[in-house]
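**Student:** Based on the hints, put chain B in the right spot on chain A.
From first to last, the protein sequence lines are chains A and B. Going by numbering that gives the first Met the number 0, the first residue of the first sequence is number 0, and it counts up by one from there. Going by numbering that gives the first Met the number 0, the first residue of the second sequence is number 0, and it counts up by one from there.
Worth double-checking, as some hints may not be accurate.
Mimicking PhoX-like on lysine-lysine, the simulated pairs with C-alpha atoms at most 25 Å apart in a straight line are [claimed, not checked]:
1) B:278 with B:45
2) A:254 with B:45
3) B:278 with B:131
4) A:254 with B:303
The hints are simulated quantities; they were obtained by calculation from the structure and are not laboratory data.
Number of protein chains: 2
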Amino acid sequence: MTHLDDWRELGQQLRVDSIRSSSAAGSGHPTSSMSAADLMAVLMAKYLHYDFDNPDDPRNDHLIFSKGHASPLLYAMFKAAGAISDDEMLTFRKFGSRIEGHPTPVLPWVDVATGSLGQGLPISVGVALTGKRLDRLPYRVWCLCGDSEMAEGSMWEAFEAAGHNALDNLTAVIDVNRLGQTGPTMHGWDLDAYRRRVEAFGWKAIEVDGHDVAAIDGALAEAVASNGQPSVIIARTEKGHGVTAVADIPGKHGKPLDDPDAAIAELGGRRDIHVGVAKPDFDGRAHEFPTGELSLPVYEPGTKEATRKAFGDALVALGRARGDVVAIDGEVGNSTYTEEFSEALPDRFFQSYIAEQQMIATAVGMQVRGWTPFAATFAAFLARAYDFVRMAAVSRASIAIAGSHAGVSIGEDGPSQMALEDLATFRAVHGSTVLYPSDANQTAALIPQMADRDGIVFMRTTREKTPILYDPGEAFEIGGARVVRRTDDDAVTLIGAGITLHEALKAADALASDGINARVVDLYSVKPIDAATVRAAGRETGAIITVEDHWAEGGIGDAVLDCLAEEQPHPVVVKLAVRDMPGSGTPAELMAAAGIDAEHIADAARTVIGRSREHSRDEVGSGRRE
Amino acid sequence: MTHLDDWRELGQQLRVDSIRSSSAAGSGHPTSSMSAADLMAVLMAKYLHYDFDNPDDPRNDHLIFSKGHASPLLYAMFKAAGAISDDEMLTFRKFGSRIEGHPTPVLPWVDVATGSLGQGLPISVGVALTGKRLDRLPYRVWCLCGDSEMAEGSMWEAFEAAGHNALDNLTAVIDVNRLGQTGPTMHGWDLDAYRRRVEAFGWKAIEVDGHDVAAIDGALAEAVASNGQPSVIIARTEKGHGVTAVADIPGKHGKPLDDPDAAIAELGGRRDIHVGVAKPDFDGRAHEFPTGELSLPVYEPGTKEATRKAFGDALVALGRARGDVVAIDGEVGNSTYTEEFSEALPDRFFQSYIAEQQMIATAVGMQVRGWTPFAATFAAFLARAYDFVRMAAVSRASIAIAGSHAGVSIGEDGPSQMALEDLATFRAVHGSTVLYPSDANQTAALIPQMADRDGIVFMRTTREKTPILYDPGEAFEIGGARVVRRTDDDAVTLIGAGITLHEALKAADALASDGINARVVDLYSVKPIDAATVRAAGRETGAIITVEDHWAEGGIGDAVLDCLAEEQPHPVVVKLAVRDMPGSGTPAELMAAAGIDAEHIADAARTVIGRSREHSRDEVGSGRRE
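Isolated chain A (complex conformation) (with noise of 0.2 Å):
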């Protein structure tokens, strides 16, 4: 046989594989796999390099299927390549099986989780420009993208980044086989319509006939030529290709074959066919850069500063000490602080422009390799790259993320720029860390334990200075909460965190001056939250006032009220958040606005205490009803 006829052999392995898989599921994506098998056949055949038994080998090439569903085609090669059994390949979307529904990194081959469209070619991005300024090793990163998916924005946003870097490195295969999950997509088999799209954003641009193996060769040989620019492959193929039945024919989207035994029939029967597929042929390591002594800044108690001022010092510092470390930001290092890190560090920094849903991308697509992302901006606009986020805990990510501006305390700039729901929305992210630090040495503590920490770790901070309120130097865990006040008569806990912590305290000191004692907890930590801190304030105060510069729900005081869900006897707690549209405004008037300034704790203060004590006076017997 020529290499030709090897390839479409291979191909119609994987097509009749892709069925076989889903036919075993009773479920999945058969008719999306065929249409890209030839291509990812010749790909894997010459093209691609990766040990699949050193999967971590920094030299390794990346295949990402940033159509993820395209999975039993995926799973297939892996079968093909010898790096999962047919028995194993036939587990497929069965429980407890790695071969789940749509690529994960359960599988040491995956890089990241994809299913969610438009991810894929955004996060190879980021792989890529690893490999060029961070790694600095010659490996290609391969990326299988769908048609359908070109309508997501976070493509283009991808698309730009990769010109504008020069990615070379970076091959994107456009599978159009002009059938969407409905019906046919915008441009159908207008291989022109992408052509112009692509080009227009600095790519070489190939089109191919997707089934045809020597045109397959000849383009992506043309693609490890591009120099100085991405390259994407268009290629035409049908959805199906290779049965009657299925092909480029409407309606067959994401279900197996009605008859995948004449279906295999006419793809010429089961076929055992092992590739081996090529190693890394060059010798390297990946690069390191310098490491050092940890030296975190220092701010004076009694002074005032941002925590998004001590973020922005504490990353230089632990970008100096940790060679790991990279930065990347929105267009607003000026606002986030990261501008610091691009001034100190301008080899680990990366400009993502307005584009969000690429920064999270980036980050993801560098954790991949092992580096260490900081991404950040307004934590409003991180609301824009929310299901990079969601998705990013499926890959099993672990990246860090800096939110600044949070809430109606920024103050004149209005709603658009204030974050009042990053709390809510990071909470749910699974795996997630929550930070909410309220002073800039204590800030400065979490930056070095948030790239040391697996998942997604989010950091909110804060635009206004605050004042200065802890020593230098002391330590605050993740997971903590630190008692800035108590005696041992207090009278009722105030929650806060950030900005509000503040304005506890000087309800606190309102408070004291009418004799009643408050006890104060900085919140630091809102997940995972201090739970014994909590409940012993909650058993030992009786009452519980929880203050957010955020809406109320899903913050502070849903994270309180859910680690006292089990608590007998139970505190009183009232919630204290934004629950009117704020406009315009001083950080003061807004937050006075809003409810959740000092003289509106204390106020909330005095009227559950008041209430307690009725409550208690009038109660004979114990609990509840029955």
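**Tutor:** Only chain B this time, still in chain A's reference frame:
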């Protein structure tokens, strides 16, 4: 004076007033306003058709500042048009003023809030689509865009949608002032870089010197003449144009001028030009579609149906009854069942393809003109559009959103397709409504109420068929809850919604066979929550188990805890929720693995009842320790 002189003078006035208002505020974005002043001067003097006395006139043009931070320019235009006084303009960014830091619809001439970049153009596309296909009126939509925001993927979703829909009633003006917040943009003054991109996406592109009023006049005329294509004016401008101290100088973003008096003098001093903006120049009323009797679908108790299917059925019924109802889908209409609407009422169905940001923006744009949009996709993928939803709330928009395929109970497709954070994220949207119906008849009953309700109204639907519990025609109010099972002697309350309600009912059966009576509450309205029913259940049974196919943060459990926060005595609350990252499997396997199936609910109930009996025995005195 010639027209040209008038326009130049007006441009200078808009600059002077942008400087004056931001100087009075002590913050704001004068330089970003000054770059676009000449463009907007010619637009308002000659091309805009808008009756400022009648902002609700359906024939009015629409002017949307996608670069919302150029609000000083917008307000200066409103002053020049006589809509606001000079005094009011100078209340810019002051507490209580409607002249907010970024534009919001508290001003009657502002359609939508902007300030989160990359949203104004997608929403403009929605308004333009409304003009073409719903209102069927020849008003024009003008959208002022920044060059920095061209990096946002959402802009390219908009360019793609407008090109595809041939929206020649839409003109975007890109203010290419080459300087972003922190430094130069990606493309600087390379106007051709923008031209290539937008032309590739099917737009007519016109390059112009953005400070040459004659050239601007020509460009706007050419834009208006565009036939069958949306048009974009790519204008080379200077940030801070006209004032030597700031013109084209980096580091001048987002701050008032150091010496406003000198700047105003350099611009020729204050002016008080009034522009008689042309009123709409055509007759006509907005198109109306037929209305009819509402005849909701009915489902036979004892049979099974998926709530997503009931959503699709009921949406058709509502659409037949109400001509203002429209549907938009993200190319998954055979999953969300909007395909029924697309077949029954094709004139009011909009295919957004896989572009969720544009989907929500289209909905926001349509409600600007009084239409009642329902947007639908997998609930997981609504995460992609979260910033658009956040901003829609700032826009005081009323839109209905349906998210299907909630939770692990979707089964084999795996975590990328499972919405496990949607209740949390939608609860944390200001003024939102969050519905999660448990049965098809209930779903149908809620759909018309979604159309009548203000704000962001989200419905979560279930992929799997679930038993019909309720009779057709039973009333279910938003804000209610349904006690599905109760006795006078309930020892525990089980609260679920959607698929978990059915598990709770099975658990109650199992408990009953142990001689334990369990109250079962259907929390179909998660926000607003029926606090009275929840509190009564807590008081009367002493223990609540919440169960949800959602992460533990921000969903049903937290909503229940929130309304119990101040309850004394307080029931024990046990939250059952998804806590580990799921994989693939059958719905039953995955619900069991997550601990949210009937067996786990019954076990949790037995445990909590045991504990609570022990607690009652041990308890001597009352309440909290002091």
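**Student:** So which of the earlier hints does this model not fit?
**Tutor:** 2
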